[in-house]
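Colleague: One letter stands for each residue in the lines below.
Number of protein chains: 2
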Amino acid sequence: MPLVVDIHTHVYPPSYLAMLRTRKTVPYIHDPSTQASPRLIILSSDDDPAIPLDQRGRPIDASYSDISTKLSFMKQHGINSSVISLANPWLDFLVPKEAQEWAQRINDDLEFTCAQANHTADPTGTRPLSEKQTLFAFGALPLSAPDPATIVTEIQRLSTLPHMRGVIMGTSGLGTGLDDPRLDPIWAGLQDSPLLLFLHPHYGLPDDAFGADTTNRYGHVLPLALGFPLETTIAVTRMLLAGVFDRFPRLRVLLAHSGGALPFLAGRIESCIRHERKFVANGGQLPGPRRSVWDVLSSNVYLDAVVYGSAGLKAAVAAGGGSDRLLFGRFWEMILLGVEIYILMLIVQFCTGTDHPFFPPLGEEEQEWPSVTTNYKAIHESFDDDRDAMDAVLGGNAVRILDLK
Amino acid sequence: MPLVVDIHTHVYPPSYLAMLRTRKTVPYIHDPSTQASPRLIILSSDDDPAIPLDQRGRPIDASYSDISTKLSFMKQHGINSSVISLANPWLDFLVPKEAQEWAQRINDDLEFTCAQANHTADPTGTRPLSEKQTLFAFGALPLSAPDPATIVTEIQRLSTLPHMRGVIMGTSGLGTGLDDPRLDPIWAGLQDSPLLLFLHPHYGLPDDAFGADTTNRYGHVLPLALGFPLETTIAVTRMLLAGVFDRFPRLRVLLAHSGGALPFLAGRIESCIRHERKFVANGGQLPGPRRSVWDVLSSNVYLDAVVYGSAGLKAAVAAGGGSDRLLFGRFWEMILLGVEIYILMLIVQFCTGTDHPFFPPLGEEEQEWPSVTTNYKAIHESFDDDRDAMDAVLGGNAVRILDLK
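One line per chain: the protein sequences are E and Z, in this order. Heads up: the first sequence at position 146 corresponds to 146 in the UniProt record's numbering, and the numbers run straight through without jumps. Heads up: the second sequence at position 68 corresponds to 68 in the UniProt record's numbering, and the numbers run straight through without jumps.
In short, the hints are calculated from the structure, not lab data. Warning: the hint list may mix true and false statements.
The list treats identical chains as interchangeable, and a pair is accepted whether it falls inside one copy or across any two copies.
[Claimed, not checked] Computed list of lysine to aspartate or glutamate pairs in EDC-like fashion (alpha-carbon distance at most 20 Å, straight line):
| hint | residue 1 | residue 2 |
| --- | --- | --- |
| 1 | Lys278 | Asp47 |
| 2 | Lys278 | Asp46 |
| 3 | Lys132 | Asp48 |
| 4 | Lys132 | Asp108 |
| 5 | Lys278 | Asp48 |
| 6 | Lys24 | Asp246 |
| 7 | Lys75 | Asp31 |
| 8 | Lys132 | Glu111 |
| 9 | Lys75 | Asp295 |
| 10 | Lys97 | Asp66 |
| 11 | Lys132 | Asp213 |
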């Protein structure tokens, strides 16, 4: 059996859920006085006054924060290590003066959870990764803090925590996107740390991108299937265009959902950059990026392989220059939209991930999780009989890239 | 030498340009009284009052409508047949009462152009396609006509014109997108005709999808590299979700730019559909599509291979189930944004296309068109030594799918 590492698996620590319970605006938890489940409302589109509070958003239970449930899940599915991260919308919404304190609290909570689980699994710390269930974590950043220096301080502190392997971040940055020059100290801090940046969508696209009334007609399909990956694609392209990867050539970014549509559109992006008349290279006044999209894809970007088909997986592998940048992981946000599935997914500089506890099987009686099947099928189709590549994607890449031990 | 067919190559017939000269709102042509070139303004974003009229949009010359220039271009680049089509924004903007008359005029113009050129190339009609330069056409539809029956009538008329092989259409349909049930008679008319529907972007995404001030900072890169393909992806996904391919299983759609991002996101779209709780299959009230994305991709959809890299090309081939749905073509809209390049591209049920006269080399002295090189490189990397697949993509598929003779 290959070592399996899940790099896309979220938690809401109890302290975070308690904080959401005190809120009345998105994101918030509505706790009914009845026996009904509490409701988690994190998307503005789900905060619809026309829907009764006890039906708004989605129900949550202990599995959202209970680590023993996650460890059972890992054992059941042959996952050796999970790199847990706070689920969206992370700490994006906090008032500035509370951001630092909450980031420290959440990150200490994640670190403690990992330390405790790993000690229980192997008190003497002598067993190999492949013979136990272990946890590592991506921390959260206080992005709404009044001063970027506060964020940098938390990055430096995270680097000293033994189980931290990166940070998870949405696409809003300090509020205006990831091409904001005020983020430079954060990129510098990450580049000079061993931490990987896990870039994850949350905000989707403006409603009018999809056309009037499409939510009523098609549910969440368009925002979920297209909005989320396109959000990621736009965000990372803006980073590229702003020269972030020129100024911080050692920044390492893990993109959710195989980069959205980046591997497919990379050539087109590169072509448009090389021919943009506003850029200096073509006689214009704006700098434009110096490094090519292909260069960035093969040296800065890692992708999870959450593409649900071998067509996308082939593009993801080709864009990254091979399977050594692809990571296995699970796909989480569907749960937020009421979709009760569990999806195994892969990360290019490809690693492994699952998204527990968010995707149980559709039926009560089902044991096989349909999207696990779908994604395993895509992996097998893409790598054929290349056992080494499969093993790398399922766990070996994550061990190497995240220095798991 | 393989037979080369360009399925993505536009013209503005002189009558169309004359009509644009009479207009003062987008789309329009500004004809300076000076020696300067006329300016073509077709995008709202280019109709900026802050820019002097004689610098707005882009300059146009005779090559936009002169067929002898196109034929010379074809000869120079080894293209045997071009399937010419009206360039965007087509007839979308016409007042209803003028739509039918203009569609007939433009389509008759295209038909006459093809007939004349082909007669000149081969007066006796006895030489094989591979030994001459010939033209075929995709017609335009009067989509703003007061009654869909008018559109259907034009489709039926187009079917009788000997050089028509399809229709070109944007994503706005009758004004509210391609999932509009009022389009059903049009889909029925196309399905029952030998005509292929060439779906082409023009409108992009809402500006706020890209973030404030990004046009000032990055020129047209984001709308062109991401907005256009995402527009196509959203449009065809809405058709799918609305059951268009269930009701019209024989409808054949050629998607520009290899389907935008459809081949990459197909698996994700399929997964989201299969788990959407609003759809009947999951106990909901909305019908949802019956046929899978993969089924539609391998039986209704053809793609051009304008992806500028082997990563995307591999996904496009895999999504379509092979190279027999991929067509060679050129990429046109960059010219509208002032990018002076010429790009060869491919169509999955893959054909061939170029976009003449829109992409001359960057420098005055250059003979090799950089994007031709880029795309030929991608084709070679993707098909390796599979000469049959190469030949099919460059021309064989187009001959078969469009019944060229």
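Colleague: Using 20 Å as the alpha-carbon threshold, which applies to Lys132 and Asp108: within, between, both, or neither?
Modeller: neither (23 Å within a copy, 74 Å between copies)
Colleague: Under a CA distance limit of 20 Å, which applies to Lys278 and Asp46: within one copy, between copies, both, or neither?
Modeller: between (40 Å within a copy, 14 Å between copies)
Colleague: Give the relationship of Lys278 and Asp48 under a CA distance limit of 20 Å: within one copy only, between copies only, both, or neither.
Modeller: For Lys278 and Asp48, the Cα distance is within 20 Å only across copies (16 Å; inside one copy 43 Å).
Colleague: Should Lys75 paired with Asp295 be assigned to within, between, both, or neither, using CA atoms and 20 Å as the limit?
Modeller: neither (38 Å within a copy, 36 Å between copies)
Colleague: If the cut is 20 Å between Cα atoms, do Lys97 and Asp66 qualify within a copy, between copies, both or neither?
Modeller: This pair counts as neither: shortest intra-copy Cα distance 29 Å, inter-copy 65 Å.
Colleague: At 20 Å max between alpha carbons, let me know whether Lys132 reaches Asp48 within a copy, between copies, both or neither.
Modeller: So Lys132 and Asp48 fail the 20 Å test inside a copy (44 Å) and across (63 Å) alike.
Colleague: Check Lys24 against Asp246 for me: Cα-Cα at most 20 Å, and say if that holds within a copy, between copies, both or neither.
Modeller: Cα proximity of Lys24 and Asp246: none, with 42 Å in one copy and 43 Å across.
Colleague: Since the copies are identical, ignore which copy is meant and state whether Lys132 and Glu111 lie within 20 Å (CA to CA) inside a copy, between copies, both or neither.
Modeller: For Lys132 and Glu111, the Cα distance is within 20 Å only inside one copy (18 Å; across copies 72 Å).
Colleague: Classify it for me, Lys278 with Asp47: is the Cα-Cα distance of at most 20 Å met within a copy, between copies, both or neither?
Modeller: Answer is between; shortest inter-copy Cα gap is 17 Å, intra-copy 41 Å.
Colleague: As a check of your reading, is Lys75 near Asp31 (CA-CA no more than 20 Å) within one copy, between copies, both or neither?
Modeller: Intra 31 Å, inter 72 Å, cutoff 20 Å: neither.
Colleague: Is it within, between, both or neither when you check Lys132 against Asp213 at 20 Å Cα-Cα?
Modeller: neither (49 Å within a copy, 50 Å between copies)
The structure fails to meet hints 3, 4, 6, 7, 9, 10, 11 from the earlier list, while all remaining hints are met.
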